[in-house]
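These protein sequences, in sequence, are chains A and B.
For the first sequence, the tail end lands on 113 under my numbering, and the numbers increase by one without skipping.
For the second sequence, the tail end lands on 1113 under my numbering, and the numbers increase by one without skipping.
There may be inaccurate statements among the hints.
[As the list claims (entries may be wrong)] Derived DSS-like pairs (lysine-lysine); straight-line CA-CA distance at most 30 angstroms:
1) B:1079 / B:1042
2) A:57 / A:42
3) B:1002 / A:42
4) A:42 / B:1079
5) B:1042 / A:83
6) B:1042 / B:1002
7) B:1079 / A:78
8) B:1079 / B:1105
9) B:1045 / A:57
10) B:1105 / A:78
11) B:1105 / B:1042
12) B:1002 / B:1079
13) A:57 / B:1079
14) B:1045 / B:1079
15) B:1045 / B:1105
16) B:1079 / A:83
If you are wondering where the hints come from, they were derived from the structure by calculation, not from laboratory data.
None of the values given here were measured: they were computed from a predicted structure.
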Amino acid sequence: EPEVTQTPSHQVTQMGQEVILRCVPISNHLYFYWYRQILGQKVEFLVSFYNNEISEKSEIFDDQFSVERPDGSNFTLKIRSTKLEDSAMYFCASSEQGVTEAFFGQGTRLTVV
Amino acid sequence: RKEVEQDPGPFNVPEGATVAFNCTYSNSASQSFFWYRQDCRKEPKLLMSVYSSGNEDGRFTAQLNRASQYISLLIRDSKLSDSATYLCVVNEDSGGGADGLTFGKGTHLIIQP
């Protein structure tokens, strides 16, 4: 069964450092997403990406965040200067269409120290 | 971005019992509705999509009431493996095609032997 894969599974970084989280969406999917979940809280939408550009972003997705699809398979989330409050589980997801169900990767646990 | 409200629980239910969860959403323009389950520190996994006509998948039945902006999930003959957090999820689709999903905080279900 096709699945969304994410690397690394766990990333520890110092405050102020840049991190890049990587994702390989399901191959025939057209829409890609990043979500985050702070421990004990709900899953929150960050950004959606379609046709090589951002489709929608939440208020969380500020200038410190960027996304990129550098090639035909990878989809990355970059946080330029990490803050302690960026510590969370980051989930990548993809869907065939914009209103259909999304399938999630196993997540990257980001710990900012 | 509007809200999705769920009773956080926990619901403690004996094995074999029937349990029902409810969810309300605030955006009347919401287009798609889903139930996901999330095990501790894992990614959300799609349980089922929810249609206006109601739909059933084995022991699981989902209902949507657009007039009341209310979604339900019924689990019959509950199993120990049903223990998880159940997430009510809505796609608002403001017309851009990739608006991302809005998650409730989840209802925690514990099935007891």
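Legend entry - Hints not upheld, ascending by number: 7, 12, 13, 16
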